[in-house]
Amino acid sequence: MIVVMKNHLLDWENWSGTAAEMVSEVAQIMQEIGMRDDGTEPNERLIRHYVSVEILDRPTRVGKEAIYNFRQLLQFVAARILINDGWPLAKVAEQTYDVSESELMRMATSYQPKTAAQELVKKFKDPNFSYADMAMKSSAPPKDQANVSYLQMSQEIDEDFDIDRSMKLLKKMHEREQAENLKDEALARLGNKKGVVEKRAWHEIDVTHWLRVSLRQPYLVRMDKDTAERIGEAITQVLKAEVARRQERKR
Amino acid sequence: MKLNVDVIPRHQGLLAGQKNKVEFLVRLSAPEEAAKEFKRKALNLAIVIDRSGSMGGGQLEEAVRCAKLMVDRLDEKDRVAIVSYDNDINVDVPSTPATNKSFIKAGLDTLFPRGATDLHGGWIAGVEQVSTHSESDFISRVLLLSDGQANQGLTDTYQIAAQCKSFMSANVTTSTYGVGLHFNEELMSAMAMSGGGNGYYGQTADDLIDPFNEEFDLLKALVATEVTVALDGIGDVSFELLNDYPVAQGGFRFPDVASQGDVWGVVRAMVPQELSGKGNGELCQILKKATISYVDNEGKSHSIASDALALPSLPPSAWNQIVADETVENRLAELEASRMQREASEAARRGDWHRVDALLQEANLLAENNVWIKEIVKTLQKYARRRDQQQFAKESLYQSSKLESRRVDRSESMHFLDMGDVSFLRRKTEQGKKDEGR
Chain A
788 MIVVMKNHLL DWENWSGTAA EMVSEVAQIM QEIGMRDDGT EPNERLIRHY VSVEILDRPT
848 RVGKEAIYNF RQLLQFVAAR ILINDGWPLA KVAEQTYDVS ESELMRMATS YQPKTAAQEL
908 VKKFKDPNFS YADMAMKSSA PPKDQANVSY LQMSQEIDED FDIDRSMKLL KKMHEREQAE
968 NLKDEALARL GNKKGVVEKR AWHEIDVTHW LRVSLRQPYL VRMDKDTAER IGEAITQVLK
1028 AEVARRQERK R
Chain B
90 MKLNVDVIPR HQGLLAGQKN KVEFLVRLSA PEEAAKEFKR KALNLAIVID RSGSMGGGQL
150 EEAVRCAKLM VDRLDEKDRV AIVSYDNDIN VDVPSTPATN KSFIKAGLDT LFPRGATDLH
210 GGWIAGVEQV STHSESDFIS RVLLLSDGQA NQGLTDTYQI AAQCKSFMSA NVTTSTYGVG
270 LHFNEELMSA MAMSGGGNGY YGQTADDLID PFNEEFDLLK ALVATEVTVA LDGIGDVSFE
330 LLNDYPVAQG GFRFPDVASQ GDVWGVVRAM VPQELSGKGN GELCQILKKA TISYVDNEGK
390 SHSIASDALA LPSLPPSAWN QIVADETVEN RLAELEASRM QREASEAARR GDWHRVDALL
450 QEANLLAENN VWIKEIVKTL QKYARRRDQQ QFAKESLYQS SKLESRRVDR SESMHFLDMG
510 DVSFLRRKTE QGKKDEGR
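The listed protein sequences derive, respectively, from chains A and B.
Sequential numbering of the first sequence, starting at 788, is according to the numbering used here.
Sequential numbering of the second sequence, starting at 90, is according to the numbering used here.
If you're looking for bench data, these hints aren't it; they were derived computationally from the structure.
Here a beta-carbon is modelled for each residue, glycine too, at the ideal position from N, C-alpha and C.
Some hints could be false.
The list that follows gives simulated cross-link-like pairs (lysine-lysine, DSBU-like), each with its CA atoms no further than 35 Å apart [what the hints assert, rightly or not]:
no., chain 1, residue 1, chain 2, residue 2
1, B, Lys471, A, Lys1012
2, A, Lys980, B, Lys523
3, B, Lys194, B, Lys125
4, B, Lys471, B, Lys389
5, B, Lys309, B, Lys463
6, A, Lys910, B, Lys309
7, A, Lys981, B, Lys309
8, A, Lys901, B, Lys389
9, B, Lys194, A, Lys981
10, A, Lys878, A, Lys912
11, B, Lys157, A, Lys910
12, A, Lys901, B, Lys157
13, A, Lys981, B, Lys157
FRET-style restraints, in silico, Cβ to Cβ [as the list claims (entries may be wrong)]:
no., chain 1, residue 1, chain 2, residue 2, range
14, B, Met503, A, Glu1016, 47 to 53 Å
15, A, Ser839, B, Lys157, 39 to 45 Å
16, A, Val886, B, Asp177, 32 to 38 Å
17, A, Pro900, B, Ile298, 52 to 58 Å
18, A, Pro900, B, Glu451, 49 to 55 Å
19, B, Gly146, A, Val1008, 40 to 46 Å
20, A, Asn968, B, Arg474, 25 to 31 Å
21, A, Pro900, B, Arg499, 38 to 44 Å
22, B, Lys157, A, Pro900, 45 to 51 Å
Partial list, computed: chain A residues near chain B (C-beta under 10 Å) [claimed, not checked]:
no., residue
23, Gly804
24, Ala904
25, Val908
26, Val983
27, Glu985
28, Ala988
29, Glu991
30, Ser1001
Just chain B, same shape as in the assembly (with noise of 0.2 Å):
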């Protein structure tokens, strides 16, 4: 299965006889095909719950309901392993072939809240669990639920976060849940975000059903996994990409690929004065193209190549009359709302509540021609208004990854939200929120 790979520049010009910032998306997509003829790979999953003391007032139990959830979206030829934590680490169910549903949802029976939270142990017998199989047929992923702070065992978040990525470079990704208002989304975020996983957290318990959903919708829907992008320029143009993913392999690794929706990353080149042209319209190279690599649903390492980005050398009377691509100007303008709004949640954890507004009064110039971050832009200010940093910190951490790495529906509007039916193309106006739409 061959992936789809557009290359699309901001400008369709260089601006002659200057040094040149030009903005160009990667983007991927499934062709039409592999939607029809879709073959899901097996599922190699160890979902790990955290039953420390806090996880009392049941939250616990719905944590249970999602996992046993999970567990009866499984089919016979995926694997699953339980695995819970406080201060002691369990492997309640070891793992397992997904035939014997009653007897793996009985495992979860067993939970009961109590004691500490030692997070890294239960996360890394989590990995221990899908590691025997993470080499074979199979995604391998744990599935990190947690509503506290790490505070047994290895708590550092750059080290743990170190080893999810080592982990996702051996084929075992991480996705966490957060739940509730006192976890450590630091840690979470950064775990999911090095792990190559997602990242989710619910206000409530209840709220947590809309990430599991999405999570095992996204699962089922890859076509592409381990998907690495390497840029290739020429001469002297140096290339930055603008999200926030991680560098492996010589590229970039790029979210996986599902059979609906685009992957995408938005570089941005320096073009060196000399390799400008003279404004004649001739045809300057500063792409000679992206590599992509990935493997497909049948085990296949694929490598393949983009076109080559090369545009016309113009002078200002000229280039000042391109109209911007509307497609990279969405996606800038969401990297620059994440951006802010990681900068805000840092700045509400610091009490910095001055900085807050003056990021979010910002945010909304960028909400103009996109009702998405118009509607996240409000949320934040319902909570900015109540100065209630753990809720505003935490939305708009996990509002800005989503924006930066969400999929994306071609065919969705700028300027309202439909509730569309595949889950992980949804635009949430509230990331810890049930979708109450639905």
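Bound-form chain A, shown alone (with noise of 0.2 Å):
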């Protein structure tokens, strides 16, 4: 790929121009390696902006005019394929403006089209990124995004992500989590530092009115004989049990 390229740049191998001309030369070469610039288009204030930065070598004067040539056409691109990768123009200038031609072609010919998955990781690490802001570029007018409440922001992302049921069931377990974190704070202010409740229901049933037996439901709905004749003499010892301790106590 990159022999193919080189030879494509060596078209321009002979090309001399004004800057007017320099920008509709880059934007063609740009097209042909196939670079989404991120950045500014090119544009002649661009080009003289490089030039005072010392990107790109300082034109030769023909009359009035100020003419580029290759070498500088190869020092734009490089450049904005480096600036492209997050340099900061000072360390571009150190890359491209005291270097040789082949150095240059190399930069130049170097530029890999970004996969969709490493445009998702720049998106999602940079510190302004916000799910809030990608709700705020649908057509509704802007909000005060310390007001976007989480229903809203999920909402408004639903739209952005094609929602589906996976993601809503998410959107449930973390409505779920924050109800549970209040109930936890509350439950420990109350010496429950666990935050575990059982909950249970219960059977109740009034042999007299003063002795009520209570019994776990699904226990009741699956007991046989056996079962009740066993709790029968099971309560029978606890109690006779109880009597005799009771009895020791008071002599």
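Please assemble the complex out of the two chains, which come individually in their own frames, going by the hints.
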């Protein structure tokens, strides 16, 4: 791929022209190498700026015209690749100004189009990226970001992320998580630090007005006669032991 | 390579003059010749390891051991990166061809436990490593291992899962490995579910080896990735997919297809009364076609269509005689058991053990003809009896995911659990434990 690209750039080897002409040549080269430029569109002012910060060599003067050549074309393309990769201008200048033409050629042909995943990494790692901002790119009027509730935000993310059932489930989970945290804090204030609350359905049988038998509902549903007998026997033994203990204490 | 597509209705008929709920199975499998002439796709992996302080006590060593075994199983055409994280992120081995394995494994030897858990930061560093080659001829996947709760950087489950889903669409999938009993199973399983990979956990570090092997066997056996299924109905027929597969590119994103085993989804179609016919046996079409799009191992994109689904319109007397298709019934029972277990997992986290017991009793009814569900319920009842919240919530959540998205061996029996040779087709009775039978 690099060889093909090199040959292609060599088509411009004998090129020279004004800043205005360079703009269209650069646009053509960038299109040839498949480069999507994230930054400013090439223009005459940008070319002159790059000259002033020593990214590009100074053009030669022919009468009143400033004339650029192949080396400056290579410098410009190399600079755009480096800037797209996140290099600051000062560092770009160090890599383009005082280097050989073959090194510039290497840089100008090193462009690899970013994969969709690389573009996403860049977006998600950007400290300024927020889901609320993504929500705002819709046609809705701008909102006060601080007032975007989680639910509103999630609904708007839904549109961006082609939301599906699994994501809706997550949203539900998140809401529940928040409710659980509030519950845990309230329980901790009551001394229940584990935050675990057990719920049981009980069936109560008033045998007389002073004797109540409480049973967990599922056990009552499943109970057979033998179990009822064993429960009766166990209660008898427990009560007998209790009576014996009381008598012991009296003595 | 052309996948096999079957559309199998639960009942071979529509009840005339009524609104009908029609369930049908969409089943995808590799043709037999794919297994014979199998040429696997190269792997582009990032192994992301939690080295926070809680990974002490042998867990980190075991994770490193598993990662090394994985590196050993890679071929020269594969790529691998090693990333570790606590509150700082380290790229220990940048994405590199798996040629110099001792160099890659040496990168793993430098890890020791310390610090907090920037799980998202570690994961995205792993994504960054595989992203350079994510549009070439690789299967790109991040394998994220953690024993804890994300407590640094981005920690919101919803936002992290949304990012996983975005990366899945950009060909980078995520599988997660939870270890121990204190990791955030909701976050880890949500990342795998949204990220197009697999979610695993091990109760101890020693239990991790099974899922690592399973993942690797599966990655090496894949014949079709980026699989989406789009349904084209008739008139006002509406469709609902009962599995929780993500939506992508105008269809449902099904699991990747391996050389062995069926990938499946059960669809519920709502057929309006006017399309149910007059009960004279005439065929009523409800599905024009299911369109399946996927990429094969040579990087070629395919789009194939299933046959249409048309069912005879029957009077009640004839409709009541229909015997439901056994395969569809089994998948439906597994989906229902999956739903109950997910609910039971949530109930356990709330401490609502009464609801847990009731759900397990219901699940037991489904287990009548399915020995796997029976064994799963038995295991869960063991944890429920102990009121073991952490273990119950994790086991039920991971079994729930497995039940609804597993690959099915067509020759498996519903009456006994066999120990097949293919790790990713095995029906484990306990997801968090190493299979002692092997």
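| query | Within 25 to 31 Å or not, the Cβ separation of A:Asn968 and B:Arg474? | reply | Cβ of A:Asn968 to Cβ of B:Arg474: about 28 Å, so the range 25 to 31 Å holds.
| That 40 to 46 Å hint for B:Gly146 and A:Val1008 (C-beta), does it hold up? | With Cβ atoms ~45 Å apart, the hint holds.
| request: Decide if the proposed pair is consistent with the structure: A:Lys981 and B:Lys309, CA atoms, cutoff 35 Å inclusive. | output: violated (44 Å)
| Taken at face value, is the distance from the CA of B:Lys157 to the CA of A:Lys981 at most 35 Å? | Violated, at about 38 Å.
| task | Using the Cβ atoms, figure out if A:Ser839 sits within 39 to 45 Å of B:Lys157. | result | violated (54 Å)
| Taking the closest Cβ pair, is A:Gly804 under 10 Å from chain B? | violated (36 Å)
| Pair hint outcome, A:Lys980 versus B:Lys523 [Cα-Cα no greater than 35 Å] | holds (33 Å)
| query | Is the hinted pair B:Lys471 and A:Lys1012 satisfied, with a Cα-Cα distance of at most 35 Å? | reply | With a Cα-Cα distance of about 26 Å, the restraint between B:Lys471 and A:Lys1012 holds, given a limit of 35 Å.
| said: So if I understand the rule, the pair passes when the alpha-carbon distance is 35 Å or less; does B:Lys471 with B:Lys389 pass? | reply: violated (48 Å)
| query | Given the hinted pair B:Lys194 and B:Lys125, is their alpha-carbon gap at most 35 Å? | reply | holds (33 Å)
| request: Report holds or violated for the interface hint on A:Val983, using the least CB-CB distance to chain B and a cut-off of 10 Å. | output: holds (4 Å)
| task | Just tell me: holds or violated, for the beta carbon distance of A:Pro900 and B:Arg499 against 38 to 44 Å? | result | holds (43 Å)
Hints 4, 7, 9, 13, 14, 15, 17, 22, 23, 29 and 30, counting from the list given before, are not met by this structure.
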